[in-house]
Amino acid sequence: MTTLATIRIQEADFDIAHEIAALTRGRSDVGAVVTFSGICRGSENGAPITALTLEHYPGMAEAEIRRHTDEAMSRWPLTGLTVIHRVGRIQPGENIVLVLAASQHRQAAFAAAEFLMDYLKANAPFWKREESATGTSWIEARGHDDDAAARWTKS
Amino acid sequence: MKVKYFAWVRERVGLAEEMVEPPVNVRTVNDLIGWLSARGEAYAYAFEKPKVIRAAIDHTHVKPDAMIAGAREIAFFPPMTGG
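From first to last, the protein sequence lines stand for chains Z and R. Take 1 as the starting number for the first sequence in our numbering and just add one per residue. Take 1 as the starting number for the second sequence in our numbering and just add one per residue.
These are calculated hints, taken from the structure and not from any lab test. Mixed in with the good hints there might be a few duds.
[Stated by the list, open to error] Facing chain R, according to a computed beta carbon distance under 10 Å, are these residues of chain Z, among others: (1) 122; (2) 126; (3) 145; (4) 146.
Predicted model, so just to flag it, every value in this text is computed and none were measured. Heads up, the beta-carbon is just placed ideally off N, CA and C, and yes, glycines get one too.
Given these sequences and hints, build the entire structure.
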C-alpha cells in the first residue's frame, strides 16, 4: 500500500475537521486519527505578546518535513499523514501547525503524531519572531525540544 | 555558490542571499563561516558565536566539518523554533 503524506506550508488558516475528513473519506480501514494542533499563545516566558511572525526556508522546509513523514511511514503502520505549517503573521489564539496521523489502531497514530511534532520542533527550518509592546525579538530555541527529538533516535 | 541567510542571521548580515566564490582553501562549512566573518562588521556580528549557527547544504542539515565542494546552496540560520 502506498500512502503519501500531505504537506502544506501556507499563510492561510486551516480547517481541522476538513483535514480529518480528507484522511477518512471513502475508506473503512481507518480506526484512529490523532490530531495535534499548535496554537499561538498570548504570552512568551510570562510576558504578553501581540503576534508571532513565522519565517521559513522555502524548499528545505518541505523537504525536511517530507523526510520526517517518510520516516514515520516506515516506522508505523499508518493510513495517512497530514502536516500543515503556517507562516507569516499569526495572532494569539490562531492556529500555527497541524499534524494528523491516521492508522487502523490508536497506538501507531499517537506515536507518529508525537514523533513528527518532536522532529518538526527541532529540525524543520522555521523561526518565530515575537511582537510585544516593547518591540520585536526572535524567540530562542529551547534545549528540551532537541532532547524530545533525540529520544526517537534508534540505538 | 549561493549562500542564504535566515532569521537573525539574515537581519545581521543585511542580505537574504548572495552568490560567493570562496578560495579553494575554504573547504568546510566552518571555513566558510570564518571566510564570511572576515568580509565586514555585519558578517562578523552575524557569525560572532559560530557554535550557535546551524547550516544546511542543498536543503539538508550539515555539521560544521561538512565539505562544501560541489554545493549549490548553503544556508546559515539560528536554531529552529517552528512547530
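The hints, checked one at a time:
1. 122: holds (7 Å)
2. 126: Result: holds, 3 Å to nearest chain R Cβ.
3. 145: Hint holds; residue 145 of chain Z Cβ to chain R Cβ min 8 Å, cut 10 Å.
4. 146: holds (8 Å)
The earlier numbered hints are all upheld by this structure, with none contradicted.
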